[in-house]
Amino acid sequence: MELAVIDEQMWAELKDIMEEDFGLLLETFLSDAEERLGCLGEAIDVMDAAALRESAHSFKGSCGNIGAMRLSSMASSLEQQVASIDWAVAKTSLVEMQREYLQVQQFIQQELPS
Amino acid sequence: MSQYKVLVADDNASDRLILSTILRKQGHLVVQAANGQEAVDLFDAEKPHLVLLDALMPVMDGFEAARLIKRLAGEDLIPIIFLTSLKDAASLAKCLDAGGDDFLSKPYNRVILEAKINATQRMRQMHETLQKQRDQIAENNTYMLQEQRVAKAVFDNVAHSGCLDSPIIKHLLSPLAVFNGDVLLAAHKPSGGMHILLGDFTGHGLPAAIGAMPLAEIFYGMTVKGFGMTDILREINMKLKSILPVGVFCCAGMVDISFWKRTISVWLGGLPNCYLLRQNGERIELASNHLPVGVVDHRAFDDNCYQYNMEPGDRFYLWSDGIHEARNDLDEMYGEERLEALFDHTEDHDLLFDRINDDVNEHIKNSAPDDDITMLEVLMVDESEIREEQMVVKMGAVSGPTDWSMSYKLGPTTLRDFNPLPLLLHQLLEVPGLRPHSGTLYTLLAEMFSNALEHGVMRLSSDLKVDPMGFAKYYQMRQEGLDNLTAGFVEFCFEHTPTAEGGSLLMRVIDSGSGFDYGDDGVVKAGDGNFHGRGLRLVASLCKYARHRGAGNQFEALFEWQREI
Numbered sequence: 002m003e004l005a006v007i008d009e010q011m012w013a014e015l016k017d018i019m020e021e022d023f024g025l026l027l028e029t030f031l032s033d034a035e036e037r038l039g040c041l042g043e044a045i046d047v048m049d050a051a052a053l054r055e056s057a058h059s060f061k062g063s064c065g066n067i068g069a070m071r072l073s074s075m076a077s078s079l080e081q082q083v084a085s086i087d088w089a090v091a092k093t094s095l096v097e098m099q100r101e102y103l104q105v106q107q108f109i110q111q112e113l114p115s
Numbered sequence: 058m059s060q061y062k063v064l065v066a067d068d069n070a071s072d073r074l075i076l077s078t079i080l081r082k083q084g085h086l087v088v089q090a091a092n093g094q095e096a097v098d099l100f101d102a103e104k105p106h107l108v109l110l111d112a113l114m115p116v117m118d119g120f121e122a123a124r125l126i127k128r129l130a131g132e133d134l135i136p137i138i139f140l141t142s143l144k145d146a147a148s149l150a151k152c153l154d155a156g157g158d159d160f161l162s163k164p165y166n167r168v169i170l171e172a173k174i175n176a177t178q179r180m181r182q183m184h185e186t187l188q189k190q191r192d193q194i195a196e197n198n199t200y201m202l203q204e205q206r207v208a209k210a211v212f213d214n215v216a217h218s219g220c221l222d223s224p225i226i227k228h229l230l231s232p233l234a235v236f237n238g239d240v241l242l243a244a245h246k247p248s249g250g251m252h253i254l255l256g257d258f259t260g261h262g263l264p265a266a267i268g269a270m271p272l273a274e275i276f277y278g279m280t281v282k283g284f285g286m287t288d289i290l291r292e293i294n295m296k297l298k299s300i301l302p303v304g305v306f307c308c309a310g311m312v313d314i315s316f317w318k319r320t321i322s323v324w325l326g327g328l329p330n331c332y333l334l335r336q337n338g339e340r341i342e343l344a345s346n347h348l349p350v351g352v353v354d355h356r357a358f359d360d361n362c363y364q365y366n367m368e369p370g371d372r373f374y375l376w377s378d379g380i381h382e383a384r385n386d387l388d389e390m391y392g393e394e395r396l397e398a399l400f401d402h403t404e405d406h407d408l409l410f411d412r413i414n415d416d417v418n419e420h421i422k423n424s425a426p427d428d429d430i431t432m433l434e435v436l437m438v439d440e441s442e443i444r445e446e447q448m449v450v451k452m453g454a455v456s457g458p459t460d461w462s463m464s465y466k467l468g469p470t471t472l473r474d475f476n477p478l479p480l481l482l483h484q485l486l487e488v489p490g491l492r493p494h495s496g497t498l499y500t501l502l503a504e505m506f507s508n509a510l511e512h513g514v515m516r517l518s519s520d521l522k523v524d525p526m527g528f529a530k531y532y533q534m535r536q537e538g539l540d541n542l543t544a545g546f547v548e549f550c551f552e553h554t555p556t557a558e559g560g561s562l563l564m565r566v567i568d569s570g571s572g573f574d575y576g577d578d579g580v581v582k583a584g585d586g587n588f589h590g591r592g593l594r595l596v597a598s599l600c601k602y603a604r605h606r607g608a609g610n611q612f613e614a615l616f617e618w619q620r621e622i
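In the order they appear, the protein sequences are chains A and D.
In terms of the working numbering, the first sequence is residues 2 to 115.
In terms of the working numbering, the second sequence is residues 58 to 622.
One or more hints might be untrue.
[Claimed, not checked] As a list, the in silico DSS-like pairs of lysine-lysine whose alpha-carbon atoms are at most 27 Å apart:
| id | chain 1 | residue 1 | chain 2 | residue 2 |
| --- | --- | --- | --- | --- |
| 1 | D | Lys-296 | D | Lys-282 |
| 2 | D | Lys-522 | A | Lys-16 |
| 3 | D | Lys-601 | D | Lys-466 |
| 4 | A | Lys-16 | D | Lys-227 |
| 5 | D | Lys-318 | D | Lys-298 |
| 6 | D | Lys-296 | D | Lys-318 |
| 7 | D | Lys-144 | A | Lys-16 |
| 8 | D | Lys-209 | D | Lys-296 |
| 9 | D | Lys-582 | D | Lys-522 |
| 10 | D | Lys-82 | A | Lys-16 |
| 11 | D | Lys-144 | D | Lys-227 |
| 12 | D | Lys-82 | D | Lys-62 |
Keep in mind the hints are simulated off the structure, nothing from the lab.
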């Protein structure tokens, strides 16, 4: 099934919950995501499986919460790969995630009040 | 909607933000932690009502944090809800196994979150209620135990002021007797001899024990004053009947032993068969022939006793049904047959008491005792063996007036409305030596009084008293005469003198009548004739002598009593 960049229903619900703090949430997500992607890169570079799994798990969760379902699913498969990790494959996965993230970022920045 | 303080621990900032906002919008206070260690520290500092923990966090993960938080919470129940994006059953189960009380899946659903918060808070409040109730129960229990301790101390003082440790008595009474309603009393009589009472109150616990106090008071109080066994039983019965609620009574056996006369009188009400064992092995089984004490009205109380002679070496056994009803783990009762067999097969009577105890305990073995065993054995001995023990009691005995005289004159109003006999008897019983004879004295007073009142003051004739019809007419006339009494008197004169053997009481009753011709000496002899006049003949049979005096309006009798030792 084709996952949306951002799940529309979740987005609406989130907006509803957060109300005036929606913007804060989005900004928090963006800065968190950048950091998280950096951590993932580092973990892969030093081949730290534990750190990779932790970061992937966490990123999966936060993407899920904001409705970025495709990105979340990618993080999930990365997390699952850790058991029998192939670092080269991991590196490729990360690159794909970074590309996906750019789309999410774009979407969000459109929605952010200026 | 209640407001709770919630601790949210998640290493992801946006997750924390979402959750906190949801919670705040629901009206709760939120405290945030970014990892397990912070969560534990904040829990300690903030004391939240609820903790939301992310399962996987850096520094310290959710499971470890949960463990520490539960320990910090101690006895209190602070619900922990795990936050997890894990979906498989095994992982979710792990959250609960690790000490979580529930879990919440990401992405968060507001409705579910609110429902879970309410559910967990209900759990917390119920737990709090349970704690309060438990504490209350513990407090009540401590209070009750304290009360029981005090009750037991009072009971021990009242119940154990007697001579149960006399060398001729062997007894068994559980230290918890105050709580199973059993009581064992023994006291020397000032005139020599001993009273022993075994009581088994219905029920258990303090209600059963409460009746034991007035019973012990009456027993010891009246025994030391020299009252007889039947008077004491009568008094106890009256007291217990008046104070105990319906359905509560006391199975009892009382014994009056005289070492001087070598006799035993036994009153049994409601106890199982008690045994008299002679040295030669002959065994007499005495069955209860009365209702327990505290059941019947004092008018219906029957003080009939068994009377037996006992030689030194003979023994008497009193027990409650605790022995017969002792059950083993097959729920079989010990029963009377086993008891009888034990008696039949024990040659040396000295060993019998301990053997009974051992045998019953052997029977019970591991199963819990229903009823503690209460029993007593008393050995008849020669009077000289017991004298020294009794001397102490004699010297402490209550004393009373020994040489005195009094007169008491009753006018028509008093005669019409008042029965003077109890009051007069009370005066006479101030003499300790007269107390064992209270029944006899009452009879003497009653007969002399009715003679004076009916034949003297009211001039009724005994001629009517030949048949039932006549008796009925007589008493009808008596009542009419009394109702219409306006003149006349009856005077009682008493003179008590000590004698070498004990004392003598001279009684004279004078009436306002004109008297009659009683012939030569006026002495009344017990024994002859017709129905009327038998009252005075009864008086004569109970006294040293009884005679008419003066114009026939005076009657005189001399009653003598002897000290027992």
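How the hints compare with the structure:
The hinted pair formed by Lys-296/D and Lys-282/D meets the criterion: a straight-line CA distance of about 18 Å does not exceed 27 Å. Simply put, Lys-522/D and Lys-16/A have alpha-carbon atoms about 118 Å apart, too far for the 27 Å limit, and the pair is violated. A distance of roughly 25 Å separates the Cα atoms of Lys-601/D and Lys-466/D; the hinted pair therefore holds under the 27 Å criterion. Our distance criterion of 27 Å between C-alpha atoms is broken by Lys-16/A and Lys-227/D, whose separation comes to about 92 Å.
At roughly 33 Å between alpha-carbon atoms, Lys-318/D and Lys-298/D are farther apart than 27 Å, so this suggested pair is violated. Taking the CA atoms of Lys-296/D and Lys-318/D, the gap is near 31 Å; set against the 27 Å cutoff, the hint is violated. Between the alpha carbons of Lys-144/D and Lys-16/A the distance comes to roughly 25 Å, so the proposed pair stays at or under 27 Å and holds. Only pairs whose Cα atoms come within 27 Å are accepted, and Lys-209/D paired with Lys-296/D is accepted, the gap being roughly 22 Å.
As the CA atoms of Lys-582/D and Lys-522/D are separated by approximately 20 Å, the hinted pair is consistent with the 27 Å bound. Proposed proximity of Lys-82/D and Lys-16/A is supported: the alpha carbons are some 13 Å apart, at most 27 Å. A threshold of 27 Å between alpha carbons decides the hint, and for Lys-144/D with Lys-227/D the separation of about 78 Å lies outside it, so the pair is violated. For the hint pairing Lys-82/D with Lys-62/D, the CA-to-CA distance comes to about 13 Å; that is within 27 Å, so the pair holds.
The structure is inconsistent with the numbered hints 2, 4, 5, 6, 11, although it conforms to all the rest.
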